[in-house]
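K.L.:
Kindly produce the complete structure, drawing on both the sequences and the hints.
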Amino acid sequence: MAYAIKAENVSIRYMTGDFKDIGLKEYVLRRLTHNYNVHEFWADKGVTFELQPGDMLGIIGANGAGKSTLLKAVSGIMIPTEGWVDVKGRIAALLELASGFDNDLTVRENAYLRGALLGYTREFMNERYDDIIEFAELQDFQERRFKQLSSGMKSRLAFSIACLVEPDILILDEVLSVGDGAFRKKSENKMRNILASGVTAILVSHTIGQVRDMSNKVLWLDKGKQICFSEEVELVCDAYEEFLATKKVPHSWEDIEQLAEDFTVRQEKKRAEKAKTEQQKLVEKLRKTNANVAKAAIEEYLREAEEEAETE
Amino acid sequence: MNIKESYVTKVIRTLREHQFMFEELVKRDFKQKYKRTVLGMAWSVLSPLLTLLVMRVVFTRFFGRDTPHYTTYLFAGNLMFSYFRESTNGGMQSLMSNASIFTKINVPKYMFLLSKNVSAVINFGLTLIVFFVFVAIDRVSFKPTMFAIIFPIITMSIFNIGVGMILSALFVFFRDTQYLYDVFLTLLTYLSAIFYTIDRFPAKIQRVFLLNPVFCNIKYIRVVVIDGNLPSPMFHLLLLAYAVTALTIGGLIYKKFNTQFLYYV
Chain A
1 MAYAIKAENV SIRYMTGDFK DIGLKEYVLR RLTHNYNVHE FWADKGVTFE LQPGDMLGII
61 GANGAGKSTL LKAVSGIMIP TEGWVDVKGR IAALLELASG FDNDLTVREN AYLRGALLGY
121 TREFMNERYD DIIEFAELQD FQERRFKQLS SGMKSRLAFS IACLVEPDIL ILDEVLSVGD
181 GAFRKKSENK MRNILASGVT AILVSHTIGQ VRDMSNKVLW LDKGKQICFS EEVELVCDAY
241 EEFLATKKVP HSWEDIEQLA EDFTVRQEKK RAEKAKTEQQ KLVEKLRKTN ANVAKAAIEE
301 YLREAEEEAE TE
Chain B
1 MNIKESYVTK VIRTLREHQF MFEELVKRDF KQKYKRTVLG MAWSVLSPLL TLLVMRVVFT
61 RFFGRDTPHY TTYLFAGNLM FSYFRESTNG GMQSLMSNAS IFTKINVPKY MFLLSKNVSA
121 VINFGLTLIV FFVFVAIDRV SFKPTMFAII FPIITMSIFN IGVGMILSAL FVFFRDTQYL
181 YDVFLTLLTY LSAIFYTIDR FPAKIQRVFL LNPVFCNIKY IRVVVIDGNL PSPMFHLLLL
241 AYAVTALTIG GLIYKKFNTQ FLYYV
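Same order as they appear, the protein sequences are chains A and B.
Numbering (this note's numbering) for the first sequence: 1 to 312.
Numbering (this note's numbering) for the second sequence: 1 to 265.
Note that these hints are calculated values from the structure, not bench results.
One should not assume that every hint holds.
[To be verified] Below, a sample of chain A positions facing chain B; criterion: calculated Cβ distance under 7 Å:
id : residue
1  : Ile-79
2  : Ser-99
3  : Gly-100
4  : Asp-104
5  : Leu-113
6  : Ala-116
7  : Leu-117
[Stated by the list, open to error] Lysine-lysine pairs mimicking DSS-like chemistry, simulated, CA-CA at most 27 Å apart:
id : chain 1 : residue 1 : chain 2 : residue 2
8  : A       : Lys-285   : A       : Lys-274
9  : B       : Lys-31    : A       : Lys-88
10 : A       : Lys-45    : B       : Lys-255
The beta-carbon is built from N, C-alpha and C at its ideal position, and this holds for glycine as well.
P.N.:
Shown next as structure tokens:
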């Protein structure tokens with residue numbers, strides 16, 4: 001079957017060490033005195049996956065697992081140090097949206113600039129500009145300088161421009177958490193609409209519920225290494241949640257199944273515990289009610305006794 | 001040669017594809033530069049005029065007496081040198097100041113440099129008009145060779161783009177490039193014979209001046225505007241060679257490090 005995205009053994013290396021801050025003079029000196037040290041750091045190591053058109057891939061992993069770097073490789077911003085990524089179709093990447101705007105330009109100017117950078121045509125922007133502003137709810141701010149906007153407004157504009165495309169492949173890096181509650185709901189709906197139209201998508205999210213909800217494939221990265229790539233989203237997500245709790249890194253599929261099982265056991269236990277506490281609460285309540293009833297009965301009895309004494 | 005030509009056509013094709021992006025970038029750079037002030041544009045012409053005025057007052061005593069049309073001579077030097085300085089300084093910043101864009105969106109990186117250069121060219125054009133006003137005031141008679149001024153303008157622009165590419169790449173890797181280049185520019189000002197003539201140097205040293213591309217471009221303008229001669233074909237070739245060399249080196253650096261810039265920003 002024809003694939004939409006295929007990544008084969010993708011490894012990406014960062015160099016860290018002396019060069020960045022020392023400057024040219026110091027660099028030459030250190031080179032001459034053999035005092036120049038560079039360390040390599042693999043942000044991703046041997047990542048392999050393949051997506052068919054219409055697939056929705058969730059990428060999970062703790063901070064620094066190499067998720068964002070991998071997305072940069074898929075969207076063509078970075079070239080893998082080793083291995084390759086092949087992408088078929090027009091790609092739209094929604095990565096850390098709010099940066100890259102110019103503070104001195106107005107909302108309108110920034111919208112056009114961003115549209116241009118994303119590869120839209122001027123005609124397209126002319127046509128859709130009003131929709132963008134309306135969706136971002138910035139009608140009253142169009143001629144404002146960008147620096148006068150709140151950061152929520154900026155991300156709203158960024159999101160509105162970026163999700164206008166009709167891409168074949170959509171990459172979402174933590175973008176479903178933009179703006180205030182109302183806007184977040186709106187943007188999530190928008191995303192669901194786009195996804196429902198049959199695009200291939202990659203989603204990075206720290207909200208594991210979103211991944212369970214939306215993905216049909218899942219890729220788990222840990223410190224750059226690929227733990228697994230699987231279609232059993234629920235199982236892997238279970239294992240991942242167990243991993244988050246215990247920090248046990250699985251090394252094989254059996255490990256993952258074990259983790260998932262542990263997770264289910266833990267969930268069961270939790271549920272049992274919860275049920276238990278519920279039960280206790282109920283008993284307590286009953287006891288209290290009983291006590292109250294008894295108390296009322298006693299009071300009633302005492303009052304009646306008193307009344308009787310009075311009549312006598 | 002064949003490979004290079006295809007590379008050039010590729011660049012032109014990308015430019016056409018990204019025309020909208022390019023226009024918006026140019027607009028942005030322009031607004032950034034002048035901050036929508038009334039004086040903004042005028043200032044960019046006024047400031048070289050001020051430099052010119054000071055130099056005219058100070059140096060006429062020392063060099064002006066035996067240099068015909070000294071004002072024009074000075075202005076030609078200032079004109080080209082400030083074009084070089086502005087264009088390469090802007091070019092140097094172009095990658096770093098747009099880092100937040102090209103680390104998130106896949107765009108051809110030389111677009112930032114080219115758009116920065118457009119505003120430098122426009123500034124240069126304005127100053128050029130003032131230059132010819134001064135040429136008239138200085139009573140330099142009109143000569144048909146003046147039209148040849150277009151040649152050094154083209155070679156200078158290409159040279160500027162090439163140097164800008166080299167510097168912008170260096171600036172990504174080494175943050176002190178800015179300061180080093182500042183020092184270098186100051187030295188180059190004195191080595192470019194902007195306010196003095198090189199006639200008094202021995203012939204050997206006069207030839208050393210030809211190693212300075214900025215000086216060569218200045219010299220060309222002086223020859224066609226003041227002397228009314230056309231420089232030799234060899235001199236044309238020299239200017240062209242400087243421009244193409246700078247652009248080639250810059251292009252190769254961009255090609256080689258294109259995907260590596262974002263590791264360093």
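K.L.:
Would you mind marking each hint as holding or not holding in the structure?
P.N.:
Taking the hints in turn, this is what the structure says about them:
1. Ile-79: At 4 Å from the nearest chain B Cβ, A:Ile-79 passes the 7 Å test, so the hint holds.
2. Ser-99: Where the cut-off is 7 Å and the nearest Cβ of chain B is about 5 Å from A:Ser-99, the hint holds.
3. Gly-100: holds, 4 Å
4. Asp-104: Check passed: Cβ of A:Asp-104 comes within 6 Å of chain B, closer than 7 Å.
5. Leu-113: holds, 5 Å
6. Ala-116: Holds - the Cβ of A:Ala-116 comes within 7 Å of chain B, reaching about 4 Å at its closest.
7. Leu-117: holds, 5 Å
8. A:Lys-285 x A:Lys-274: Given that 27 Å is the threshold and the Cα spacing comes to 16 Å, the pair holds.
9. B:Lys-31 x A:Lys-88: Not satisfied, since the Cα-Cα distance of roughly 38 Å exceeds 27 Å.
10. A:Lys-45 x B:Lys-255: holds, 25 Å
Checked against the numbered hints listed earlier, the structure breaks hint 9 alone; every other hint is satisfied.
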